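What follows is each chain in one-letter form.
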Amino acid sequence: MISLAGRDILHSWGKFVLTGAGLGLLIGVTLSMAGVYRGMVDDAQALLDNSRADLWVVQKDTLGPYAEPSSLPEDSERPIRGMRGVAQAAGVTYLTMQIAHGDADVRVMVVGAEMGEPGLPGQPTHLISGRQIVRGHYEAVADLKTGFAVGDRVKVRRNSYTIVGLTSRMVSSGGDPMLFLSLKDAQAAQFQKDSDAIVRQRARTAANPQLNPPGNPAVAQAVNAVQSGNTNVNAVLVSIARDADPDAVAATIRRWQRLTVYTRAEMEEILVEKLIANSAKQIAMFLVILSIVSAAIVAFIIYTMTIGKIREIAVLKLIGTRNRTISWMILQQALGLGLIGFIVGKIAASLWAPFFPKYVLLLPADSALGFVAVMLICTLASVLAIQAAIKVDPAEAIGG
Amino acid sequence: MAEGITLENVVKTYGKGETAVHALRGVDMAVAKGEVVGLIGPSGSGKSTLLKCLGAVIEPTSGKMTIGDRCIYDNGWKVRDLRALRRDMIGFIFQAPYLIPFLDVTDNVALLPMLARKPNAVARKQARDLLDALGVGHRAAAMPSQLSGGEQQRVAIARALINRPPVILADEPTAPLDGQRAVAVAGLLNDMARQFDTAIIIVTHDEKIIPTFKRLYNIRDGRTVEDVTAPNA
Ligand SMILES: Nc1ncnc2c1ncn2[C@@H]1O[C@H](COP(=O)(O)OP(=O)(O)OP(=O)(O)O)[C@@H](O)[C@H]1O
Ligand SMILES: [Mg+2]
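So the sequences go chain by chain: Z and G. In this text, residue positions in the first sequence follow our numbering: the first is 1, and each later residue adds one. In this text, residue positions in the second sequence follow our numbering: the first is 1, and each later residue adds one.
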């Protein structure tokens, strides 16, 4: 047997490879879109894994701390720590903000974690250089993605912090790198008011006879102290004892503390199905459009290539070639184009993935699925050309 | 006379009723194996229509056709698989060579047996032998676009001969060639007819090659008139 399609491709390989490469870039974009989604899911999982928590205790009836704001008193952690099945509990704060670094701004998620004892949930993991925060104030650990280096000084609100350690893959669900501060520092940064606001608030307190009773300045001082301090956290992260059942512990906390508690599975559901659900739909939409565009391109190319060979096809039919042989030739060419496109697309997607601002995770399973989809699309796209070839009348080769 | 191809009272009408075109009105023909005949006639006389009927590309409205002792059409009855019949029993040569541009000369000739699952090596050997016999063996590895018009036409003749068909139909095979080469190709077809024991029917307008035919069918108004050519016969 002889492969007509293969010989045709070899004969005009330049045209074929160029068209295949063009299609390949489109497929590369498609694979990257899927990778962006996988990256978002993976970021969310990394966020949960890296927090080393089994339970998230948040403000009652909120989806906090990642999907909704949540605020609860810092000391809610103390009774939880004493409950049966709880190994450790620690308050955390999360705050996304822009931080100046050199000439540019870096968007980071400032994480306030309790540094009292090592290994508490919420502390930075995956330290790749430097050390943990040991002093109570003005030290920070940053993720590599911030671009900071050990020894750098960065300014968060009004205070400067020295970077003492670097982590890898510690990012928020939005892909922003984390900057860890001690809980106290982070609380100060989160709730700090600017000087004007403090002056104005003090003036309001001074003017209010109930807060500033004449002849008793201690009351106003106390009020000011309460107003400027902050002892809230966004969530309490709980790790449970090895043999404890997370659901049972969660139920106990709910019963006694009037707080909302999420297990790891529930938290993952909140992140994946609520926080990134819209992005996922957006990406799915893109995938559908890109598939249609690819199909249209393959169909157009294969159709024009076939129409360009109408004379030869008529001759082949006249001398007794089966319709099946000719259809198979066209289908093979479409599949060949798809194969070149897929290889180019796969390489392109792998090459440009690191340059994406957010994590792009190319899963082999997605690639396999993509390959099957490309082959299906090419098969569908060749239908039009095959129909045209079947309609060719062998008498056309003889003419009038 | 060995049985080649015969037509008996073949009628072909395009369309129906008022607009019907009677292209063939009862054609009789008989060409023996090893014989070459010319088919001439004014424009619109039905030459191409007749060639399509002979080539089993279109079916006649009525009449009978046989190749060897096999009946192809008989007043409405026809062989089931005309495509396979064309492949096995009829060779075609066209005005332009219509070689497959992405196959080299050898594979253009070897294409039919290869598609019929004959081992490639066997088919190619057969093709090269034919190309040698036609005097284009030295071009066996070239692509069609690298050949001259005359060489291409010889390759096309080799392709028509590859399955050793009992009948070869040629549609103005010398039209694009100059006088000398046209006569050479006509001579070649004469040799091939004898060598491969094939009936060859050549539709032509070409004054230069008409004298080379021993027998000539002249078609007028859809009816054949047999002329026995004088000059060389
Ligand atoms: N498919 C068709 N449908 C209808 N009429 C046709 C068709 N093909 C040919 N005819 C008519 O049949 C007649 C014979 O045509 P044919 O093509 O056989 O002539 P020809 O001898 O080959 O002419 P020429 O030398 O110009 O090629 C013409 O009147 C033509 O218009
Ligand atoms: Mg004609």
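The reader is advised that the hints may include incorrect statements.
Think about it this way: if two alpha-carbon atoms lie no more than 20 Å apart in a straight line, the pair counts; the simulated DMTMM-like pairs of lysine to aspartate or glutamate are [to be verified]: (1) G/78 x Z/243; (2) G/125 x G/107; (3) Z/391 x G/107.
Not the full set, but computed from the structure, chain Z residues with beta-carbon under 10 Å of chain G [unchecked claim]: (4) 41; (5) 42; (6) 45; (7) 46; (8) 48; (9) 52; (10) 309; (11) 315; (12) 319; (13) 321; (14) 390; (15) 391.
Far from chain Z by the CB rule (all over 12 Å, computed), these chain G residues [to be verified]: (16) 40; (17) 87; (18) 118; (19) 124; (20) 207.
Quick caveat, the hints were computed from the structure, so don't treat them as lab data. Small disclaimer: the values here were computed from a predicted structure and weren't measured. Heads up, the beta-carbon is just placed ideally off N, CA and C, and yes, glycines get one too.
Taking the earlier hints as the rules, which of them does this structure contradict?
Failing hints, ascending: 1, 3, 4, 5, 6, 7, 8, 9, 14, 15, 17, 18, 19.
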